[in-house]
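For reference, the chains in residue letters:
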Amino acid sequence: MKACLLVLAWLLLSSWPAAAQSVPGSQARLVVYRQREFGGNPYTLKLNEKVWAELPTNRYLQVDLPPGRVKIETATDYFSESQTLWLTLRAGRTYYVKAVEDVDFMTRTLLLALLSDEQGQRETQGLKPAPLQLPK
Amino acid sequence: MKYFLLLFLLVGRMALGQTPDSAQVTAIPPVPTFKYSYITELGTMLAFTRTPHMQDFFRQNQIKRAFPLDPFVYFTTGVRYQRVKAILESGYATNSWSYWEQEENAARRTYGAYSGILLGYDVLNGRNSRLYLNVGIGGVFYEYSVYGRSSQPVAFSNILQYNQPGTISSLKLSNTYWDINVEFAQREKRRISPSFIVRVGYRQGWQAEAWESGAFPLTGAPLDRIGQFYVTTGYSLAKNYAKAAKR
Chain V
1 MKACLLVLAW LLLSSWPAAA QSVPGSQARL VVYRQREFGG NPYTLKLNEK
51 VWAELPTNRY LQVDLPPGRV KIETATDYFS ESQTLWLTLR AGRTYYVKAV
101 EDVDFMTRTL LLALLSDEQG QRETQGLKPA PLQLPK
Chain H
137 MKYFLLLFLL VGRMALGQTP DSAQVTAIPP VPTFKYSYIT ELGTMLAFTR
187 TPHMQDFFRQ NQIKRAFPLD PFVYFTTGVR YQRVKAILES GYATNSWSYW
237 EQEENAARRT YGAYSGILLG YDVLNGRNSR LYLNVGIGGV FYEYSVYGRS
287 SQPVAFSNIL QYNQPGTISS LKLSNTYWDI NVEFAQREKR RISPSFIVRV
337 GYRQGWQAEA WESGAFPLTG APLDRIGQFY VTTGYSLAKN YAKAAKR
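Protein chains in written order, with the working numbering: chain V, 1 to 136; chain H, 137 to 383.
Okay, chain V solo, but in the shape it has when bound (with noise of 0.2 Å):
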């Protein structure tokens, strides 16, 4: 029986939608996801000019910020460009903003989109939180 409870709370869990917990009140939650992709390769975020994570296929970062003007970057090296989004944040709301990889010849670019509520949630169910740690 308990084993059956383990296994319906992990099923629950594994599937729960990124961000499906309230956001604090006076705060505004972003989450920037990345789907499974055919040898997709990991981005360095950057958040306000501050390096944040890095984000794989398969896997979303989530940080409740201040209301206000936000500016999500892509780091870049020698193949790859660089994509800035501006968001601007208002108190108890969630904005869901979709990566993709885009590989053209010899560059490669980490697209940024800010997409609705429903298809964001959609979208992160099953999705792995990514680790914060930077790889060494």
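Just so you know, these hints were derived from the structure itself, not from any lab. Note that the structure is a prediction, hence the values are computed from the model and not measured. We put the CB at the ideal spot given by N, CA and C, even for glycine. Hints should not be assumed to be uniformly reliable.
Computed footprint of chain H on chain V; a stretch qualifies when at least three of its residues, placed anywhere within it, have a C-beta under 8 Å from a C-beta of chain H [as the list claims (entries may be wrong)]:
1. 52-62
2. 91-102
3. 105-117
Label pairs and their in silico Cβ distance ranges [stated by the list, open to error]:
4. V/Gln27 x H/Tyr174: 53 to 63 Å
5. H/Asn197 x V/Tyr78: 32 to 42 Å
6. H/Thr369 x V/Tyr78: 17 to 27 Å
Using the hints, position chain H against chain V.
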């Protein structure tokens, strides 16, 4: 005042109509879906070649066999229609490394080439890349020479009469083969699109064929069925079309 009003009317709509998220992108750009492409490709191949019976002959007679890793340059041309690709390929073996062997008898590859046709289907079709499973048929040709070394001086005027023991001027093998490979290719993104292509595959002769010589009719020669494990890397240029061409 009138000019100010006019200026306000001209720019006001843009300025006031801007959303708070002015840099907001509401959707990821769709994946380019060009219906068909003409593709040309140039690259290099490294092939590990097996001709077991001739290798046995070399080993039994203390002939240092040629290095089994053969470098090739190749060229392909073909078409892709949606997820299916057909290409004609041709490759020529190069001697990229110097011969430093000091053995009394040594076999050297003097010629190597192949040509064939491949038909593929992209079993994985992503935003940025395609993974094709290709199958094909073709022909592969090899020629070796066996050098017998001697320290005896030979006058150039007598060179045509001189016959060095242990020397075989020509040993040739041709096989028709079947081929299977997995191909990773970058997806085409623009009307004219360069991309990087890697293949890993194996080809093998349909049946064992007898070795021949280009110098004389050879009888009783061993039969070999070439087996070749290979890796290719190349660059392709594709001209892509969204619709069927108009006549």
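How the hints compare with the structure:
| no. | hint | in the structure |
| --- | --- | --- |
| 1 | 52-62 | violated (count 0) |
| 2 | 91-102 | holds (count 4) |
| 3 | 105-117 | holds (count 7) |
| 4 | V/Gln27 x H/Tyr174: 53 to 63 Å | 55 Å, holds |
| 5 | H/Asn197 x V/Tyr78: 32 to 42 Å | 53 Å, violated |
| 6 | H/Thr369 x V/Tyr78: 17 to 27 Å | 20 Å, holds |
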